[in-house]
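A.B. asks: Below, each chain spelled out in residue letters.
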Amino acid sequence: MIKKVLSYKMPQNLIFLVNVMALLLLYFYKDGFDKFILTSGILLTFIIYISNFMLLKTSSGDHYIFLIMTMLVSIGIIMIYRINPSYGFRQITWFGIGIITFFLFYTVTKNIRGLEKWTKVYVVLSMALFLSTLIFGVRIKGAINWIKIGGLSFQPAEIIKILFVFFLASYYVDREKMNHPYIFLGVVYGYIGFLFIQRDLGTAMIFYFVFITILYVFEEERKLIYYNLGGAVIIGVLSYFLVNHVRVRVITWIDPWRYIDNKGYQITQSLFAIGSGGFFGTGIGLGHPEFIPEVHTDFIFSAICEEMGIFGGIGVILLFLIFLYRGFKIALNQQHQFFKIVAIGMTAMLGFQAFIIIAGVIKMIPLTGVTLPFVSYGGSSLVSSFAALGILQVASEDIYLEQEEENG
Amino acid sequence: MDKFSRRMIKVLIVYSTLFISLVVYLSYFEIFQAEQVVNNNYNKRQWVNEEYVLRGIIADRNGKTLASSRKIDNKQIRTYKFDKLYSHIIGYSFKEYGKAGLESSYNKELLNNNENPIREITEKITGPKEEGNNLILAIDHDLQSYTQKRLKGKKGAIVLMNPKNGEIYAMVSKPDFDPSTMKDKWAEITEDKNSPLLNRATMGLYTPGSIFKIITATSALENEYIEKTFQCEGSININGYVLKDYKGTAHGKVDLKKALIVSCNVAFGQIGLDLGEDKLKNTAEKYMLNKIIPFELLTKNSVFPHKRNMSRPELAATAIGQGKILVTPLNMAMVASAIANDGKMMKPFLVKEVINPKGRTIHTNLPQTLSTVSSKNIAEAIKEMMIDVVKLGTGKNARIKNVKVAGKTGTAENDTEKEHAWFIGFAPADDPKVAIAVVLENEGSTGGKSAAPIARDIMAAALNILK
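Chains A and B supply the protein sequences, listed in that same order.
Just so we're aligned, residue 1 is where the first sequence starts under full-length UniProt numbering, counting upward by one.
Just so we're aligned, residue 1 is where the second sequence starts under full-length UniProt numbering, counting upward by one.
In isolation and in its complexed conformation, chain B is listed as follows (with noise of 0.2 Å):
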């Protein structure tokens, strides 16, 4: 063979790679961008079904309508019922503004594009599609309505849920907004400073304060060696960094179970010390931090800080929920939630069921275990923590009657003067209903005092209308 003949093969095998490569890249877009890529909302193809595809009703776990659409000549008009209250969760669907909430997340569902080619085929011979799926949510419309009404008037989130299954029965931020009006007040609300499209329960990051104890407790309980009763002389000085107890009070001689109970950040302190950032960043990630939390809403990860070699007293104030760390409720919830379920941390989800017109379930979501944050037996000696919490220590107000009840409370320092007030816990303790993470943003007060009467309340009401 001759040199040209040589240098052509060449030249062939160069463009054939060329060619192959177009054959990769097309189908690394189709099986990993595509589906993102087709939900945006300059894509037209998302509004020409709606021409003629009835959207489909979004209805509470008892077939409440929250969400419908009807027709009237030919155009669509979408009406959710209860004003603010599923803001966040339901979202909106406008031409103009796009969609967000389950409104955006389902939107392929409640419109009825199937991704199944065979059952697509079928519809197409049957005639044109005229109705979208139904969602039959976890959420119980009395529960939502109360936890609204509870934090009225604050800034924060409430996250309400099963810790057996991840059902979420309820969820609310404040401030929030009027999908049904918003078409007029779209510059209000986006240009409001107190940002209510933002889903806080979801994307809002806070310092957790104590009630990250739990974590730094989990990995104190997993790790044998580790010192559990310390001297409490009300503060105690880390390499120059003077880390206080709340009102400076001392707690003299403390264990791991009376640390928690009165939330001895002394203690808590020389724990992180002990531990060291590895093994606590590790037990922070077991419960999902730094993590993506598969959601059927937009969710932010919460903050582990990723860092080698944090300094002494970084670390002490970090293993007390102070410091860097940042944290959402929903992941809160879950936290409560796992110690609640065993160790065992469920997926949470809203949407129990997608069911078609004509009341066939088309797909149901099923319980999933989504981390295992320690054994059986640390997540046992937690909750006998959480419950002695309730019943002696900071999560006195929590107290329900006749049903025990264990919780954390936290009140996280911040950026601004005022505190984040903070209560995660679950009910009946011996057979957790409902687990749930309040934040109460700068709230300035304890988590004691204003975030654990509200849980209270929930909680009550929970266990009474889910009976």
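So that you can see chain A by itself, here it is in the shape it has in the complex (with noise of 0.2 Å):
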């Protein structure tokens, strides 16, 4: 019995054990979380078994990413759980609609034909939904990111980077399709020049990162990537010497102890959660890091590693890891060209991201005010992820070649 439940070819089992034990702490540990925690836990297991369940049964792909995926949400889930329990209820009914879209969004891009041909929807549509972040923007944590419509609030740039993934595919498919490279070029910096102007500069960053994977790959021209690496220097450099903030991002990263008080407490308070946890953590509920500002979000790798530990900390960064290997093995799988790309280019923007927060939090490199995908706080985030990896899925699979048919 236990050797058929902790059964590598049941890895879902694992998750679940997991989850068990964590929830099982955290009832212990903590009075008057009593019957909401056991309505939650059985709650996120059911999610994570059924969907994993019916992705065996619909999808010939793929079965790692998403299983890595619901491991990664459930950390994250029990984290958010731990430092507020009413957002870690909202987190699940996230996780929720989170898997609804990651359905949809497989369903409706497995059935659409020639998702290829349409470069010019991509922009016009990624540069609407920047201009109506510019005018209805909100401001929050210092960047105009984000919309609200009603009750709900979200951030656009989570769309447009599903729409920049596949503007990219698409150009590289058809390179006729924009009359120079310059005005491809011209166009992707628009994108990076507005999150620059809405002063995101970590999503700037992975916009960036993942137009030079894709450059690299796919681009014939090859001194064009030089060209753009050397105009990256440029203005990394130019933007620290004229931009204020991106300025303050660097000096609290060389030395944040000199502004402990004011702009180095984030970051501060974030080494001494890390440094506290040491290898095995302090243990779910018994560390302190509810004394970080915005943990929840942003600086859940930090929370993780003071009450898992170190060990914890690797584990997801080794989580990604696998990720990226997945998802560069379905990218190598892809026949058709366009998925290959999308596939390569998504992979790119997750593993990306958590690479970037994940560093950021421990000091590696300045700090981007990022979420990290699948564990921090957020629906925004957590559900444009799922559509990512729902796309991700439908690259996983074998498609119909229609390119070959109609050449032949």
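Note that these hints are calculated values from the structure, not bench results.
Just to be clear, a hint being listed does not mean it is correct.
Derived, one-sided and incomplete: chain A residues facing chain B with beta-carbon distance under 7 Å [what the hints assert, rightly or not]:
1) Phe311
2) Ile314
3) Ile358
Each pair of labels, with its calculated beta carbon distance range [said to hold, decoys possible]:
4) A/Leu238 x B/Ser311: 47 to 53 Å
5) B/Gly444 x A/Val243: 56 to 62 Å
6) A/Phe28 x B/Thr65: 35 to 41 Å
7) B/Ser311 x A/Leu318: 45 to 51 Å
8) B/Phe32 x A/Phe46: 25 to 31 Å
9) B/Lys64 x A/Leu318: 51 to 57 Å
10) A/Phe36 x B/Phe32: 54 to 60 Å
A quick note: this is a predicted structure, and the numbers were derived from the prediction, not measured.
Every residue gets a Cβ at the ideal spot worked out from N, C-alpha and C, and that includes glycine.
From these two lone chains plus the hints, build me the complex, please.
C.D. replies: Written out as structure tokens, the structure reads:
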């Protein structure tokens, strides 16, 4: 029986086991969680089980990326729940919506033909979203990247991410669509410029690296790559001297201790948390991650390190590493050029986002405020990440090669 | 494999490297930086436990309570019983101003935050911790009080220790402050230009003057070819720089022993020139100059100038303890201890034991050899010379009736008009029980006249009390 439960053929059982243990710990440690935590726990495990089961039945493609991500979501929800139970419960709801989005995007993307022909549509849609952000946007944490409609607020940039990958992919499927590579470059830097105006530096960086990754793999004119890398260095240096909040990020990275009272407060609190956890962590519910501002979103990784230890943190990093590996494997096996590029793009997008926020909170690179995909609290982030994952799921399957048929 | 695939694999390698570097950096941070980071006063976690764990007691070697805490209406009050007496050893612990001294370095133990994960788990099961661990110091309260009394009204520091195992019996730095009233007098204390917050015993850097000749003499004995007899005319001209003896006294024909007894600058200046910079530096570093002394309080490193090709006048000045050389009193007490302990320098320590509230010993500081400064024979030879310094030479004021004392005086010229007065030594010379370093900052008098009598009284008291 135990052998069967722990079998690698049913990896979702392992997630189930982790969830049960963590939630039991929370249940015993925190008073007043009682029934609430029980319902949440059952709900969470139920969603994971059902969705993994459904995927096994419906998709002939990769079955690991989804598992990895549900594991990450579990870790995230446990931490968020521990920090703030009502956020935790809301995150479970978002998880449910995320799963629905996953299957929605999976089904839609799978059944629409000719996605690679809509280059201009992607650009126009993105620009419209950017403009509406600038016009209707609300400033939160220094960046103008939220739109409020009624009681709901969301980040258009999360949708634009997907559109951006589609745009890059469609361009490299048939480069004749843009009359000149410089028009293409102009559009790409238009995206990054808009993000810069919104002061969303983290997302700008992610877009840039996704672009460079795809450029490196698919661009025939190799010198363009060097021009772009050179350009990035120049932009980086210039913005350090010209843009105040870029400079703040860099100086608080070099020596946060001097600004411990103000600008360096967040990052130093994060380091205290990580340092306090040690290798094995304080145990769930026994640390003080609540001392870090924004701990449930950008700094969730520090909270994981404090209570689950560096080993817990390394676990999260390795889960992302396996995801990257699977993502690249999907791209390597995919014969359909458009979905090959989309697979690379989505993988790079999620992977790089995870890298810059983890490296930021441990002070390996300057901090940029983005969420840790699948782990951080937040509906926009979780839902759009699942959308991206749904598309990646399509890319992992054999796709009917339309192009060849047309050519032949 | 097509070119796209090859490139994709390269990109995957880059991404994997990035993620692996996260793992490496995180482990590096945890192993090398975390401990220091976590002890920052801005880390609120340090204060969380304080709300429900009763901070441990700090007691002297005989169990006399020096600092303790009690709870009044869920608020903890820390009491420092002896005003200024332990300001630089125990230090303080206040939310507003942070922590200093042993309160800072033994914070975890005092709050019973165990590093041991297994014990941590058992304690979590047995219920929340309520009392912290207690510290038993090597300090003897009576000696500490007496030492403080002898330094009253002066500026400077005294370190009294056991040369054989490194226990610190007394350590006083003046001026000092009263931790129990410092909340009200914070501005006054921090702005005082005499810097009462500075622990001169471990962080005060002083020119050593003639006490450094012990180190020069060690180096001379280690290098047998060095010329050891000199004709002292009271001064010597080295490349235009005139090195003089105290008051220009001509000592006539001197050997190494005589040179140390009368503290002959002319002789030691020439020994320094003969040895050269590298050999002298080498010996000095064995005596822990330029080295970090591992200790429970913050320390500064003594400085032997890092320089290639010192000029000859500079080298001669360094050999007699002048020039750019700087030492801490703790380091000099360790120098005396090393000679007393057959050339073995012991690691100094303040806390003998950490015991839990039930009286069980959790941690004991064991004697550790920090550095071997010379062979037993050479240490013996230097000891004989130091005995004669007290018997016949500049250290006569340190003589104790019926006890053989070994010592060396120093009168260190510095940037100000007034010299620092030094005495380092140990007693009884045949079976050393205590070693001492006394420095009187800007005393404007010789070490023999002002520092030696203080050292004598304290050593006599120590031999009496520790019996």
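A.B. asks: All hints are to be evaluated individually against the structure, with a verdict given for each.
C.D. replies: Verification of the supplied hints:
1. Phe311: violated (10 Å)
2. Ile314: holds (5 Å)
3. Ile358: holds (6 Å)
4. A/Leu238 x B/Ser311: 47 to 53 Å: holds (50 Å)
5. B/Gly444 x A/Val243: 56 to 62 Å: With Cβ atoms ~59 Å apart, the hint holds.
6. A/Phe28 x B/Thr65: 35 to 41 Å: Since the Cβ atoms of A/Phe28 and B/Thr65 sit about 39 Å apart, the hinted range of 35 to 41 Å holds.
7. B/Ser311 x A/Leu318: 45 to 51 Å: At 60 Å between Cβs, range violated.
8. B/Phe32 x A/Phe46: 25 to 31 Å: violated (44 Å)
9. B/Lys64 x A/Leu318: 51 to 57 Å: Hint holds: Cβ distance 54 Å, inside 51 to 57 Å.
10. A/Phe36 x B/Phe32: 54 to 60 Å: violated (42 Å)
In summary, the numbered hints that this structure violates are 1, 7, 8 and 10.
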